[in-house]
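These protein sequence lines are chains A and B, in that order. Add 18 to the 1-based position in the first sequence for the working numbering, that's all there is to it. Add 1381 to the 1-based position in the second sequence for the working numbering, that's all there is to it.
It cannot be assumed that every hint is accurate.
[As the list claims (entries may be wrong)] Okay, derived cross-link-like pairs now, DMTMM-like style, lysine to aspartate or glutamate, Cα gap no bigger than 25 Å in a straight line:
| # | chain 1 | residue 1 | chain 2 | residue 2 |
| --- | --- | --- | --- | --- |
| 1 | B | K1520 | A | D90 |
| 2 | A | K375 | B | E1581 |
| 3 | A | K56 | B | E1626 |
| 4 | B | K1432 | A | D251 |
| 5 | B | K1520 | A | D251 |
| 6 | B | K1432 | A | E356 |
| 7 | A | K376 | B | D1423 |
| 8 | A | K56 | B | D1423 |
| 9 | A | K299 | A | E32 |
| 10 | A | K112 | A | D100 |
| 11 | B | K1432 | A | D52 |
| 12 | A | K235 | A | D197 |
| 13 | A | K376 | B | D1457 |
| 14 | B | K1529 | A | D251 |
| 15 | B | K1520 | A | D68 |
| 16 | B | K1432 | A | D90 |
| 17 | A | K375 | A | E140 |
| 18 | B | K1574 | B | E1542 |
| 19 | B | K1432 | A | D293 |
| 20 | B | K1520 | A | E256 |
| 21 | A | K112 | A | D97 |
| 22 | A | K58 | B | E1626 |
| 23 | B | K1432 | A | E73 |
| 24 | B | K1432 | A | D65 |
| 25 | B | K1520 | A | E220 |
| 26 | A | K58 | B | D1423 |
| 27 | A | K376 | B | E1626 |
| 28 | B | K1529 | A | E160 |
| 29 | A | K375 | B | E1542 |
| 30 | B | K1520 | A | E228 |
[Unchecked claim] Sample of chain A residues facing chain B (criterion: CB under 8 Å; computed from the structure):
| # | residue |
| --- | --- |
| 31 | N20 |
| 32 | E22 |
| 33 | P67 |
| 34 | D170 |
| 35 | V221 |
| 36 | A224 |
| 37 | N225 |
| 38 | V232 |
| 39 | N367 |
| 40 | N373 |
These are calculated hints, taken from the structure and not from any lab test. Idealized CB from N, CA, C, for every residue including glycine.
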Amino acid sequence: MNQEETVTLDGLIEKFMAENPEIEIQAQVVPFSDAQNKFKTVAQAGDAPDVFRAEIAWTPEFAELGFLTPLDEYVSSQDLQDYLPSALRYNQYKGRLWGIPQVTDCLALLYNKRMLRQAGAEPPVTMEQLIRVARKLTNPGEGQFGFFWRGDSYWLTPFIWAYGGSLIDEDDGQIHINDPGSVDALEFYIALRDEYGVVPPEVDFANDYENMLVGFKTGKYAMIFNGPWATADILSGEEFADPANLGVTRIPQGPAGYGSPVGGHNYVITSSCQDVLTAYKFIHFLNRAEHQALLATENNLLPTRRSAYDLPQVADNRIIQGFRYQLEVANNRPVIPEGGLLFVDFTPNLQAALNGKKTPQEALDATAQAWGQLLER
Amino acid sequence: LSLFRVIRRQRLAYLLILPTALVMAGIVFFPLIRGVIISFTDMNQYNMGSKFIAPAYRFVGLRNYIRVLSSSQFWDIFGQTAIWTVTNVFFHFTIGLALALLLNRRLRGRALYRMLLLIPWAVPTYISAFSWRWLFNSKYGFFNLALKTLGLGPVSWLSHEVWAMVAVIATNVWLGFPFMMVVLLGGLQSIPKEMYEASEVDGCGRIRQFATITLPLLKPVAMTATLLGIIWTFNMFNVIYLVTEGGPHHQTDILATFAFIEAFHQWRFGMATTYAVIILSILLSFSFFYIRALKGTEEIY
């Protein structure tokens, strides 16, 4: 949770206490990088706070560890209808509901409208068009490239789904990361650099997130993938002095359709909570459509309620609506306790493939093997 | 003489060290022994037990050790750790010694130089590590911009298997030489001036003085400092984690960073303590032989 989100949330908490003078809320902000381990430590000893904002991958993990209270009997059927299925999905584990979705996100195609217009190109809808458009926008002599990808496996996942691969089937525990579709995806990813030359030839895995943003903001890269969290920073760039120059649309379709990883956060109630009804009243309040709209417009987050997207301030927000368009066809990551750790083994193997140390098949076989060990527990 | 009688005879002495001994037992020996025991179990976050779930971990004998020691990746990373440690300590020592020798002479503004040379040590590690990470940036970093003006590059500093190791070592050399410099300077200043005067009378040259007086008399200090340096560098987590995160594809991982990913991300305590015990054993046996090897040549003067 960043500084601005904390401010917005503090305001909501004040409002809740004013409406419910008999309830007192004590909020504690923990840096995101420490939150998971800190929560586990206190929850393990039975001293967890009543309510916690858990990253989507932590939710099944905490549920498995017995740290959460199921909320099936508290969440109304209207609410269940209102929540976006992909965001709600991350709260469903082992047949029960363990939280309610606070915010959601996904990767989408962000593009520089001016650059595309000058090249006479429309935003690509298929992977073939991605190559064609990106080629038109590439001029290596000027350091200008049509597209930019990262040595981070999260950025590869849209291609995995678009080419018919997948990560892990959460129902039967089967690993699909080295299926033919997944291998096609990685081969295409590498071909974007080696065959089509539309991404920069040199890699810099430690800095490529920053380099991607700087290059996009200065008009060196015409198209990138990124999430709603990055839009405030992008709009501060010289190319986007006019915010209308930023295009947000779906990541192009591959042979097997669309792909984009859904992320986000949930509100959960812990098993140490003595008064679940009051705790639920509180998170339900925070999650009202108008409050989600507030968080969305002030902090560039995506609401999880359909009704929040219809509120005027969100409906008029072109960027949020662009991401919503992507969300309609985005993919859930496996809802398993190990979900957050998949990329830990995946990314080094992707980098080995990008550096030519492993073939795509070898890299994904190694990933599958590491995931097998991860799942055996 | 039984132990009991020894204790009785020096009752006061033992009484005085009792509080320290108890604290040591509580914060060092007890966790150490418990750690060793856990390394023979399959303890992880799911079976360790909590307020809500009873513990269900089991003893698995040497399984964790076999798993770690039989993986080829472990030995690759052990090799990287050795390269990392030896190269770093070598440069820490040589640069530190050269600067200490310079600062030991009477020169104008010595205090100022000494202060400036301590800067790498005084800056918090994460600030300098992030600065170096940016210096090595392939597009906007100082090194590649400098190479570009010379018509060279660009080099993928942090993503090339060899250059990435060069980059993290360079960062850590910069961070680590001030400690060696300060310790060796202290050692140099404790060498009696009379030694040099006497040798001058005997007609010794500068180089001879260095080889026969400075180096031998610096040895006790240098030995302790390098031993500490080796242990610290071997376990240096921050620099690698902050500059390359062990990448590309584990090429700059050392045992300390690798064990962190392998074991702590999911609270696999059995594996985590196995790594800890292995690292501890490596360092203990190294220290033992290091001290013994150097002891043989001590007390020349």
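So which of those numbered hints doesn't the model satisfy? Hints 1, 2, 4, 7, 12, 14, 15, 17, 18, 31, 32, 33 and 34 are the ones this structure does not satisfy, whereas the remaining hints hold.
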